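S.K.: Spelled out, the chains give:
There are 2 protein chains.
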Amino acid sequence: MKSTNKDVAVSSRVRFARNIADYPFYGKCDPTSANEIISKVRDALGEGYSEMDLSEKDELTVGSMVEDHSISREFANSELPHALFTSENGEVKIMACEEDHIRLQVITDGLSLEKAYEEACEVDDLLASKLNIAFDDNLGYLTHCPTNLGTGMRASVMLFLPALTETGKIRSVSTQLSKLGMTIRGLYGEGSEALGCLYQVSNTETLGVTEESVISNLKDVIEKLIELENEARKRICDSDPDRFADRAFRSLGVLKYSRMIDSSEFMRCYADIRVGVSLGLINDVDLDALDRAFIEAMPYTLMKHMGKKADSVERDLARAKRIKELI
Amino acid sequence: MKSTNKDVAVSSRVRFARNIADYPFYGKCDPTSANEIISKVRDALGEGYSEMDLSEKDELTVGSMVEDHSISREFANSELPHALFTSENGEVKIMACEEDHIRLQVITDGLSLEKAYEEACEVDDLLASKLNIAFDDNLGYLTHCPTNLGTGMRASVMLFLPALTETGKIRSVSTQLSKLGMTIRGLYGEGSEALGCLYQVSNTETLGVTEESVISNLKDVIEKLIELENEARKRICDSDPDRFADRAFRSLGVLKYSRMIDSSEFMRCYADIRVGVSLGLINDVDLDALDRAFIEAMPYTLMKHMGKKADSVERDLARAKRIKELI
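Those sequence lines, one after another, are chains A and B. With the numbering used here, letter number 88 in the first sequence gets 168, and the count goes up by one each step, no holes. With the numbering used here, letter number 23 in the second sequence gets 103, and the count goes up by one each step, no holes.
The set of hints was computed from the structure by calculation and includes no laboratory data. Quick caveat: nothing in here was measured; it's all calculated off a predicted structure. Treat the hints loosely; a few may be bogus.
Treat identical chains as interchangeable: a pair holds within one or across any two.
Capping the alpha-carbon separation at 27 Å, the derived lysine-lysine pairs in DSS-like fashion look like this [unchecked claim]:
| no. | residue 1 | residue 2 |
| --- | --- | --- |
| 1 | K404 | K210 |
| 2 | K314 | K401 |
| 3 | K299 | K314 |
| 4 | K108 | K304 |
| 5 | K249 | K259 |
| 6 | K384 | K108 |
| 7 | K299 | K249 |
| 8 | K86 | K314 |
Extracted from the complex, chain A is given alone in its bound form (with noise of 0.2 Å):
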């Protein structure tokens, strides 16, 4: 596997839609039948992974699965039984009923597109051999949402781009993806203010293409987008250093110091940190620890480490104080 590059690739995704042909889909589907597919699923998938029942699971705890991508926020809000299966190493999840039967999604570190593709196929192929998966010639695998018809794959990769969004370059980079059949959107936030500046990148045609392609067609994308990204940090740098280490130090020293923080400021804070670390300014502090901050810094996840719910006056004194203990 070559360089993940994870300053600006954070992270690789690669789901597929899945259906079984006995059942009737999403928004015909009883509860028994509901947890019948749950019990076909988690025969088909055998030993090597946990599960765990959503419609018993407390809003806290869903509400945390959803800020760290665990599971769809329609998985999290159905209200048919639900079940999600984890393999060992966390890197596969599977959703029994979603908006389809199945969701299959693995998640891997940095820009590995590929690696997420064949462990994902390997979970794929399993179940395939083991339950009626509902196919057709002509037009695929038959999801419930028609976007999703073909190969029923959404791949994707989860970017860091502080620099391309502050430049303002990621509007043309928006309109240049929408021409290759793919599209790019702020994963927190609305609209052109993506918090944080983590974008996800995927595509979104899934029929009359191979997943292979797919695949290949979006690693070219990304490699080019990770190239646009060092270049403008660089720029960025290299025209005023010392405000740029600044502003670096600066959101550092409000995350070490302030004794209260909402999500907004933090996420731009951690813009700021974690383009500060990967030019090397800032040594002292680990990508994956902020990353791992990131997501323990979201609501449910705090409250979830509270043990309680909270109002957000409460939430911005223990962000504060789990931030400090995390970085």
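Since the structure of chain A is provided, determine the placement of chain B on it from the hints.
M.R.: Relative to chain A, chain B alone:
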């Protein structure tokens, strides 16, 4: 000596203006006379004083001495020969050939007006015993500026008043003081914005009053102001202790982590931290070190430390570095 309460009253100062009857006053004095005056002051003081010929000194040295209140700006800019005599412990300073022939000042720590007054009187008596000091039975001591006629004495206390500043009470304090023959002014900054929340409260009257009553009245007023300031601090802190602590610690974070900082921001941080220390929120910062940093962060003092003149960006960089060394 009672508690100096240094977290509100930073220092006390008593200054006497004196002239030698045999020489023309400021404006009519020539270099020859100025040199003779300096010589007479030197002889009168005798042992125990170091002498500095300010006419010989470079801009950075002179500027830094204005910043730490060793000398007045008028003295620094004088085109006649002028010299500074300093006692061994540094508390007593005599400017020879300022606006008046002799400006004798004593600066002592905290609220210690009587101590400063006594020390000033001792030196004043010494000078009076050796020199023909200009004195009129009706007007008292004769001075260059009529506002000093009479006692020729200005007594003042440097006060740190962040809470009275924040609540806006400082304005009514100012009105009340003027009725009592006193005045309050920001030590740095113009108009209502006193940078660093540092003020000087001093007597305005010198004619028809005794020195003792001026000192005693000023002391009473200062004690009342200290009480008001402490009450206001407690009220602000109690109303939202978390936000208050957050502000103090964030400012500390800025001083510890910034790579460039301008004077105004530094003074705001200084004020936040100083009040945090005085309320026991911040325990690992020494008040004396902080106050020293306040002077060391000033432009000329900073450039003197750098060993060269520097533009504002260079100073902002050097200031951030210097502050980190000091606190």
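S.K.: Classify it for me, K249 with K259: is the Cα-Cα distance of at most 27 Å met within a copy, between copies, both or neither?
M.R.: within (16 Å within a copy, 63 Å between copies)
S.K.: When no copy is named, should K108 and K304 be tagged within, between, both, or neither for a Cα gap of at most 27 Å?
M.R.: Cα proximity of K108 and K304: none, with 43 Å in one copy and 78 Å across.
S.K.: When no copy is named, should K299 and K249 be tagged within, between, both, or neither for a Cα gap of at most 27 Å?
M.R.: Intra 20 Å, inter 63 Å, cutoff 27 Å: intra-copy only.
S.K.: Please work out whether the CA atoms of K299 and K314 approach to 27 Å or closer within one copy, between two copies, in both situations, or in neither?
M.R.: within (23 Å within a copy, 59 Å between copies)
S.K.: Which holds for K314 with K401 at a C-alpha limit of 27 Å: within a copy, between copies, both or neither?
M.R.: Between. Shortest inter-copy distance 24 Å satisfies the 27 Å Cα cut-off; intra-copy 33 Å does not.
S.K.: Is the C-alpha distance from K404 to K210 at most 27 Å within one copy, between copies, in both cases, or in neither?
M.R.: neither (48 Å within a copy, 66 Å between copies)
S.K.: With identical chains treated as interchangeable, where does the CA-CA distance between K86 and K314 reach 27 Å or less: within a copy, between copies, both, or neither?
M.R.: within (17 Å within a copy, 48 Å between copies)
S.K.: Is the C-alpha distance from K384 to K108 at most 27 Å within one copy, between copies, in both cases, or in neither?
M.R.: neither (34 Å within a copy, 80 Å between copies)
Violated hints, in rising order: 1, 4, 6; the structure is consistent with all others.
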